[in-house]
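Same order as they appear, the protein sequences are chains W and D.
Be aware that the first sequence starts at 1, since it is given in my numbering, and climbs by one per residue.
Be aware that the second sequence starts at 114, since it is given in my numbering, and climbs by one per residue.
What the hints contain is simulated information worked out from the structure, not anything from laboratory work.
A virtual CB, placed ideally from N, CA and C, is assigned to each residue, including glycine.
Mixed in with the good hints there might be a few duds.
Covered stretches of chain D (chain W as the covering partner; in silico rule of three or more C-beta atoms under 8 Å from a C-beta of chain W) [said to hold, decoys possible]: (1) 153 to 166; (2) 214 to 222.
If we take Cβ atoms under 7 Å as the criterion, some of the chain W residues that face chain D in the derived model are [said to hold, decoys possible]: (3) Gly104; (4) Lys112; (5) Pro113.
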Amino acid sequence: GENVEQHPSTLSVQEGDSAVIKCTYSDSASNYFPWYKQELGKGPQLIIDIRSNVGEKKDQRIAVTLNKTAKHFSLHITETQPEDSAVYFCAASEPSNTGKLIFGQGTTLQVKP
Amino acid sequence: DVKVTQSSRYLVKRTGEKVFLECVQDMDHENMFWYRQDPGLGLRLIYFSYDVKMKEKGDIPEGYSVSREKKERFSLILESASTNQTSMYLCASSLVGNQPQHFGDGTRLSIL
Chain W
1 GENVEQHPST LSVQEGDSAV IKCTYSDSAS NYFPWYKQEL GKGPQLIIDI
51 RSNVGEKKDQ RIAVTLNKTA KHFSLHITET QPEDSAVYFC AASEPSNTGK
101 LIFGQGTTLQ VKP
Chain D
114 DVKVTQSSRY LVKRTGEKVF LECVQDMDHE NMFWYRQDPG LGLRLIYFSY
164 DVKMKEKGDI PEGYSVSREK KERFSLILES ASTNQTSMYL CASSLVGNQP
214 QHFGDGTRLS IL
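Please model the complete structure; the sequences and the hints are all you need to start from.
Okay, here's the thing in structure tokens:
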């Protein structure tokens with residue numbers, strides 16, 4: 001079945017710097033890749049997603065890139081702020097198109113003021 | 114706005130007890146999911162339901178069962194709770210197909 005690897009597990013940056021989190025997936029038939037942000041005491045919230053017919057998507061300071069050939073996708077956060085500190089999860093859809101997602105292990109991002 | 118509500122934020126139970134975790138969504142979503150979240154392991158799917166009374170096992174279904182009698186409600190049942198089921202449990206819902214999942218805020222369950 002599908003497997004998703006996420007790196008790094010922890011990331012510390014200075015406020016204003018950029019942060020990049022990378023994920024790889026195993027099944028080339030996966031076609032939907034969401035990113036979630038989880039703040040302390042809350043459930044994960046969708047921040048951006050990308051489908052396999054698109055190579056890049058941006059939403060203000062957040063962007064996601066997808067390389068289908070290499071089977072990896074990345075989250076880019078520019079001009080980081082302390083409120084960006086959270087745990088971030090990537091996910092890939094199961095090829096069966098049932099709506100099931102396989103999640104990465106998570107990245108704890110700390111933005112230092 | 115989308116809302117997924119889990120009945121308890123914190124729950125403490127004893128080994129051997131039958132435990133019910135409840136989840137309600139108000140978005141008329143077909144799909145509902147139960148995940149378990151443990152440090153370093155991400156979110157692991159326990160059970161999935163794609164319609165009322167329909168369910169499918171996820172990656173770690175052992176020791177759990179589910180019930181979906183109404184479209185908006187999805188219950189996770191620990192038949193006989195054990196200490197290794199101490200964890201954070203997250204419920205989510207989505208429209209049919211590969212669509213964003215919307216999560217509740219989780220239930221932190223401790224089994225003593």
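Worksheet entry | In rising order, the numbers of the hints this structure does not comply with | 4 and 5
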